[in-house]
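K.L.:
Protein chains in written order, with the numbering used here: chain A, 1 to 423; chain B, 1 to 261.
Honestly, the hints are just simulated from the structure, not real lab data.
Among the clues, some could well be false.
Unchecked claim - Mimicking EDC-like on lysine to aspartate or glutamate, the simulated pairs with C-alpha atoms at most 20 Å apart in a straight line are: (1) A:K368 / B:E180; (2) A:K411 / B:E180; (3) A:K366 / B:E180.
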Amino acid sequence: MKRSAFPAPLALALGLGIGLAMAAASGAAAVGTSAASDEDCLTCHGDPDLEKADGTSLYFDQEKAKGTSHEQAGLSCVDCHTDLKAVADFPHAEKLRPVVCAACHEDVYKDIKASVHDGLEKNEIRVGCQDCHGAHDVRPADDLESSVSPLNLPATCEKCHAERVKTPRGGEFIRQYETSVHFRGLKESGLTLSANCSHCHGVHDVVPTEDPASRVARANIIRTCGRCHVGIEKSYREGVHGKAYVKGSGDVPVCTDCHSEHDIRSPEDLGSRVYATKVAAVCVRCHDDERLGRLYGFLTSRLKTFFSSYHGTASKFGETRVANCASCHGFHDIRVSSDPKSSINPANLPETCGTCHAGAGANFAKGKIHEAPAEMSGNRGAQVVKVFYIALIAVLISAFLLFIAADLFRKVRVQWLNKRRRP
Amino acid sequence: MAEQAPPTLIPDDEVFLRMNRAERLQHVLLIVTFTTLILTGLPLIFYDLGLFKSVFAYGRAFYIRGLLHRAAAVVLILDIVWHVVYTATTGRGRDNFREMIPRLKDFRDALQVFGYNVGLAGFLHRRGVGKRFFARHPFWLFATEPEYGRYNFIEKLEYWSLIWGSVVMILSGFFMWQVELSLRLFPLWLHNIFIIVHGYEAMLAFLAVIIWHMYNVHLNPEVFPMSKVWLNGKITGHELRTLHALEYRKILAARRREPGE
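The shape of chain A in the complex, shown without the other chains (with noise of 0.2 Å):
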């Protein structure tokens, strides 16, 4: 170990960091005198079997701290155990200051110091360094070792939020990452890029959801997804919903509204909530709230006549080669039927049917796929038609109920005359 590397930039740093009888510690160590060697720490924790009172293991396993960040870095023992660099005669007492990291990692200290993590909120959760990237075992992201890899984040986090620290939504709502495709692609594909934690909500500045500052707040949520899923963000950006977006609009869906957060599967996934059968139902959370039709000027009862359709109908029995809103209305950059460029406008229509219905020409605009009852004037013949067989239906089968009841009642009367006859 190249134990005297530093010794100099770390007197200053504690120096700095910590107060005075910090730095009388350090001065000592500058002095260079009688501070302990790593191996005058391994006469005692080098023993598998040292332990406290409790049975807590103070064993320090050297094969473990192979390759970890300090290791690599020629830190010794005393360099975070500061208050033994002083000391002279062992055991040393039971107790000892806690270990400050932020003594080298002073940038990562600000981070925290704004976070969540060190007690933000009323001041009772405090995170410290080891929570997550472990004591002596700590190893840079890269490494596949380490607590705070891609591979390793998820299960870290968990350590606190799947069940010990309630999170405003609860620990559930966390695990629901397990089941999401971000997660399905780091697990079984091993893709570190799949979004993990951190690629959301920030390593150390990690801030509650409901502040503004936060990565995953309604103002940031489209750049934190655009960070991975460029050409998607590009794609909304351009759609009607994305343009209001960037006008501030607070109606207008992000990313999350359609495709949840923590369990965001793959559209092709039963369970994802924009799944061929089910996008219906996320589209119309919006676009049948008859309060946001009138403001945006759009049709509402979208279900209902979606359903009533060929389509509709095919879809709510689980069909999923049939057209659904995305297939007509596309998804990321929908647009208005108005703009030249929507797969729903007239001019465009032939091409968008045409992905299922082979050949559709110009007559597939011709009329409205699915019109509020409301407006069914725009069809006036359908509204014939309807009232027509419905005035039909009615007439025909009452007259035949008529018809029955009087064959009865004729049957029944002949009977009970017949029988007070011939008594």
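Since the structure of chain A is already known, use the hints to place chain B on it.
P.N.:
Chain B in isolation, oriented as in the chain A frame:
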């Protein structure tokens, strides 16, 4: 032969053929295809009914439903083609068709049997109401049941409803099946009307069969629990005399002309 009184020319237990084998088979095919079409078509109208969801919302069930629906439609069309050819090419078929043609008498019969069953006119007449009107127009007394030929107005209504319904359903259904062809020929709004027509006509046919036909051939106390004509095709001299009096007298007259038979 001379000593035989006229009624015995047609004994009550003599058996006549009302539906021959071809006609019965046409009817059975109609039952099977109609039922299949209704069962596989109704889910599209009543898509929120739990019953249909529990049957058709699994795996390929909905897709198979569509296949069955179209297969039944094809069989029904073949059945109709067979019936048309049979009617046109056989003497019995042509004779049946002539008997099936609606006449003014059928409308009078419908009115008369309804009035007779209600019995209101007779009731009023017995109490001296409208004496002069009834003297001049005895028909409105509805004093007797009408006499029917081979087919009464109920059977004629069912037959012609079936013809009308089949034409409407086959045309609209064909274009719903071949939606690309339909939209090459017609605008979307017209195609949408085909869909509406197909649904409502189906409802009408379903209700008519469930209420009207089922009453007349099953629940009617005269035939309850079921008229067996559709199975054995037989009708007795007694049934002929009471239910189809005109047909009975026609046969009787024919036998009188040729006593040797």
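K.L.:
Each hint should be assessed against the structure and marked as holding or not.
P.N.:
Results of checking the hints against the structure:
no.	hint	result
1	A:K368 / B:E180	holds, 16 Å
2	A:K411 / B:E180	violated, 54 Å
3	A:K366 / B:E180	holds, 14 Å
Checked against the numbered hints given earlier, the structure breaks only hint 2 and satisfies all the rest.
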